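Chains as they are written, first to last, in the working numbering: chain A, 1 to 224; chain B, 1 to 419.
No lab work stands behind these hints, which were simulated from the structure alone.
Hints are not guaranteed to be accurate.
[As the list claims (entries may be wrong)] Facing chain A, from chain B, some residues (calculated, C-beta under 7 Å):
id	residue
1	Tyr174
2	Thr226
3	Glu236
4	Leu237
5	Met239
6	Gln240
7	Asp243
8	Ser245
9	Ala249
10	Ser254
11	Leu255
12	Gln294
13	His313
[What the hints assert, rightly or not] Subject to a maximum C-alpha distance of 25 Å in a straight line, what follows is the list of computed DSS-like cross-link-like pairs (lysine-lysine):
id	chain 1	residue 1	chain 2	residue 2
14	B	Lys300	A	Lys139
15	A	Lys221	B	Lys234
16	A	Lys65	A	Lys81
Model, not experiment: these values are computed from the prediction.
Don't be surprised by glycine CBs; every beta carbon is placed ideally from N, CA and C.
Here's the letter readout for the chains.
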Amino acid sequence: MKILIVEDERELAKSMVQYLRQESYVCETAYTAQEALEKILLHEYDCILLDITLPDGNGFTILEKLKKEEKLEGVIIISAKNSLDDKIKGLNLGADDYLAKPFHLSEMGARISAVIRRKRFDGNNSISVHELTIDLLGKVTTVNNLLVDLTRKEYDLLLFLISNKNRVVSKNAIAEHLSGDAAEVFDNFDFIYAHMKNLKKKLAEANCPDYIKTVYGLGYKFEA
Amino acid sequence: MKLLKRTVKNYILYSALLLLICTPIYYLSIHRLFVNEMEEELFHHKNNFKKTLDKLENEKDIQLYQLINEEFQLKETSKWPISDSLFTYSQYDSLEKTFVPYRALRTGVTVQGTRYELLIRESIVGNTKLVTAIVAIQTTLLVLMLIGFILINRKLSKVVWDPFYTILEKLKNYQIDKDLTIDLPHSSTAEFRDLSEALVHLVNKSRDAYLSQKEFTENASHELQTPLAIFRSKLELLMQGADISSEQAELISSLLNATDRIVRLNKNLLLLSKIENRQFLSRQEILLSSALTQSLGLYKQMAQEKEIKITTHIISEIAIKTNPSLLEILLSNLISNALRYTPAQNEVRIEIEKKSITIRNPGEPFNFPNKIFDRFNRESRTTQGNGLGLAIVKKICDTEGIPITYHYLQGSHLFSIDF
Chain A
1 MKILIVEDER
11 ELAKSMVQYL
21 RQESYVCETA
31 YTAQEALEKI
41 LLHEYDCILL
51 DITLPDGNGF
61 TILEKLKKEE
71 KLEGVIIISA
81 KNSLDDKIKG
91 LNLGADDYLA
101 KPFHLSEMGA
111 RISAVIRRKR
121 FDGNNSISVH
131 ELTIDLLGKV
141 TTVNNLLVDL
151 TRKEYDLLLF
161 LISNKNRVVS
171 KNAIAEHLSG
181 DAAEVFDNFD
191 FIYAHMKNLK
201 KKLAEANCPD
211 YIKTVYGLGY
221 KFEA
Chain B
1 MKLLKRTVKN
11 YILYSALLLL
21 ICTPIYYLSI
31 HRLFVNEMEE
41 ELFHHKNNFK
51 KTLDKLENEK
61 DIQLYQLINE
71 EFQLKETSKW
81 PISDSLFTYS
91 QYDSLEKTFV
101 PYRALRTGVT
111 VQGTRYELLI
121 RESIVGNTKL
131 VTAIVAIQTT
141 LLVLMLIGFI
151 LINRKLSKVV
161 WDPFYTILEK
171 LKNYQIDKDL
181 TIDLPHSSTA
191 EFRDLSEALV
201 HLVNKSRDAY
211 LSQKEFTENA
221 SHELQTPLAI
231 FRSKLELLMQ
241 GADISSEQAE
251 LISSLLNATD
261 RIVRLNKNLL
271 LLSKIENRQF
281 LSRQEILLSS
291 ALTQSLGLYK
301 QMAQEKEIKI
311 TTHIISEIAI
321 KTNPSLLEIL
331 LSNLISNALR
341 YTPAQNEVRI
351 EIEKKSITIR
361 NPGEPFNFPN
371 KIFDRFNRES
381 RTTQGNGLGL
391 AIVKKICDTE
401 GIPITYHYLQ
411 GSHLFSIDF
C-alpha cells in the first residue's frame with residue numbers, strides 16, 4: 001500500500017511516516033507543491049495526504065491537476081484552517097476526506113484505512129483478522145461466521161482499533177473519535193472503559209481470542 | 001438636560017432674581033425722589049405765599065385766596081410760634097370714594113397782625129398704583145427678554161450647534177466591529193472642527209487596535225495548529241514504545257490530556273474570532289426543531305452515560321433564517337453546558353415555543369451569574385471546560401442580533417433565546 005504525504009512541516013511529515021510504517025504502508029513525502037506534482041505524475045498511490053497550505057502553492061491546485069489527469073487516488077486534505085469552506089471546496093474537487101490539524105495519528109490511520117478500502121473494493125468490502133470479520137457495508141461483526149451483536153459505539157470502537165492494528169491508540173483519540181466535541185462534557189474517560197468492557201465481553205463470549213490489549217495508563221492496542 | 005434648556009433655565013433664574021431685588025429698590029428710589037420733589041414744591045409754595053402776604057388785606061381776601069388755591073388752608077391759632085413741619089396723612093375723597101394720601105407742610109404766618117396756622121398740601125400718587133406700574137413694566141421687560149433669549153438660543157442651536165448634534169448622532173451609531181471609518185461633518189466653528197478631527201483620530205486608532213487584535217487572535221490560533229499537531233503526533237509515537245514503564249505512561253497520559261485541552265482551547269479561540277470576523281455569512285431557512293434534534297444527536301450518548309434525561313417540548317414549530325453552522329454551535333454549546341452542570345439522574349428540559357427556545361436544567365447556582373458569558377469565566381476549575389463555550393454562545397447571539405437571557409429559577413438554570 002503506497003501513500004504520499006504532502007506536508008511542508010517536516011517534523012509532522014516525519015511523525016506521519018513513522019506511524020504509518022508500523023503498519024504495512026509504504027510512505028513517500030513531498031515538502032513542496034512542485035515535488036508533489038512530480039511524484040504524482042510519476043507514481044501511483046493508494047492514498048495521498050494533502051496539506052492545503054504549501055510554501056510554493058495551494059493544495060487545491062494539486063487537487064485540480066489530479067482531477068484533470070483522472071488520477072484521483074484517495075485524497076485526504078489536511079488543513080490548519082478547519083474552515084467549512086475549505087472542506088466543501090476540497091470535497092467538491094474530488095477529495096475523499098478532510099482532516100483538521102492538529103489530528104491524532106490514530107484518527108489519520110483510521111481515515112486512511114477507510115479511504116483505501118473504499119477505493120479498492122468499491123465500498124463493498126470487509127476486514128478480516130483471523131476468525132474475526134467486519135462487514136463494512138452492513139456494519140456487521142462476525143466471529144467464525146457467528147454474529148456478534150455490537151452496539152453502534154462498540155462497532156465504531158472495534159473498527160477504530162483494527163484500523164490502527166498493532167499500534168497503541170490513546171483514550172483521548174478514542175474519546176474524540178467516538179464522540180467528537182461532545183467528549184468535552186466529561187471530566188474523565190470512564191465512558192470508554194464501559195464500552196471497552198462490553199466489547200471485550202461480547203467478543204470473548206463469541207470465542208474470539210483477546211486481541212485487544214490494555215496498555216496501562218495510555219490506551220488500547222489491537223494485537224494480531 | 002439639553003444645552004438649550006440649561007441656558008434658558010439659568011437666564012430665567014437670573015432674571016427672576018433681578019426682578020425680585022430691583023423692584024423694591026426701584027420703587028423706593030422713585031418714591032423718595034417723588035416725595036423730595038414734592039417737599040421742595042411745598043416750600044416753594046410757602047415762600048410764594050409769604051411774598052403775596054402784603055396784598056391780603058382782610059379776612060375776606062384770605063378766604064378768597066383759599067378758595068382759589070385748594071392746597072392752602074389757613075386757621076387762626078393761639079399757639080405760637082409754629083415751626084415748619086412736614087408730614088403725610090390720608091383724607092377721604094368723596095368724589096373718588098377712596099382715601100387719598102397727602103404730603104403736607106405746616107407753618108405759621110402773620111397776616112395783618114393775626115396769627116395763622118398755614119397748611120399746604122399736595123396729594124401723592126397711591127403707593128399701590130406705583131408698585132403695580134413698576135412691576136408690570138419690569139415683568140413685561142423680563143418676558144420680552146426671555147422670549148428673545150429662547151428665540152436667539154434656538155436659532156443658535158440650530159445653526160451653531162448643528163455640527164455638534166450631527167457628530168453626536170454619528171458617534172452614537174458607530175460600531176467598531178461593523179463600520180469601517182467614521183465620517184464626521186466639517187464645521188466652520190473651530191471648536192467643532194477640532195472635536196471632529198480628534199474624534200476621527202480616536203476612532204481610527206481604536207479601529208486599528210481592534211482589527212489588529214482580531215487578526216492577532218485568528219492568526220495566532222492558526223499558527224498554533226501545526227506545532228500542536230507536531231507535539232501531539234510525537235506523543236503518540238512515544239506511546240508506541242515497547243518498554244514503557246508505568247511512570248512514563250502516566251507522564252505521557254498527562255501530556256496527552258493537556259494537549260487535548262490546548263487543542264480545544266485553540267479551536268474555540270479560533271471559532272470565536274471567526275464569528276467576530278463574520279466568516280459565517282451564508283443564510284438559510286432552518287426549522288429550529290430539526291436543528292435541535294441534530295445537535296441533540298451528538299449528545300444523546302453523553303447524556304445516557306451521565307444518566308441525564310433530555311426532554312424536548314415543541315409547542316410550536318418555528319423556522320429561522322440564520323447560518324446553519326452558527327445555529328448548530330449555539331445549540332450544541334448550550335446543551336453541552338447544561339449537561340456539564342446537571343447532576344446525575346436529573347432532567348434537562350428543552351422547550352420551543354412561539355419564537356423562542358428555552359433550555360432548563362437543575363444545578364447549583366453559579367457563583368458569578370453576571371459573568372457567565374465572559375471569556376474564561378469558568379465556575380469550577382476542576383471541570384474540563386475551557387471557559388469559552390458560553391462566550392461563543394453570546395458572541396453568536398450578538399452578531400446575529402438575537403437576545404439571550406439567563407435566569408436562575410427554583411434551583412434551575414434557564415437559558416432563553418428569542419429569535
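To see whether the hints hold, each was checked on the structure:
1. Tyr174: 30 Å, violated
2. Thr226: Since chain A brings a Cβ to about 5 Å from threonine 226 of chain B, closer than 7 Å, the hint holds.
3. Glu236: 4 Å, holds
4. Leu237: Holds, because the Cβ-Cβ distance from leucine 237 of chain B to chain A comes to roughly 6 Å (cut-off 7 Å).
5. Met239: 5 Å, holds
6. Gln240: Nearest chain A Cβ about 6 Å off; hint holds.
7. Asp243: 12 Å, violated
8. Ser245: Since the shortest Cβ distance to chain A is 10 Å, the answer is violated.
9. Ala249: Status holds, d = 4 Å.
10. Ser254: Violated, because the Cβ-Cβ distance from serine 254 of chain B to chain A comes to roughly 10 Å (cut-off 7 Å).
11. Leu255: For leucine 255 of chain B, the interface hint is violated, since the closest Cβ of chain A sits about 10 Å away, which is over 7 Å.
12. Gln294: Constraint on glutamine 294 of chain B not satisfied, violated at 13 Å.
13. His313: 22 Å, violated
14. B:Lys300 to A:Lys139: 21 Å, holds
15. A:Lys221 to B:Lys234: 18 Å, holds
16. A:Lys65 to A:Lys81: 22 Å, holds
This entry does not satisfy hints 1, 7, 8, 10, 11, 12, 13, going by the numbered hints stated previously.
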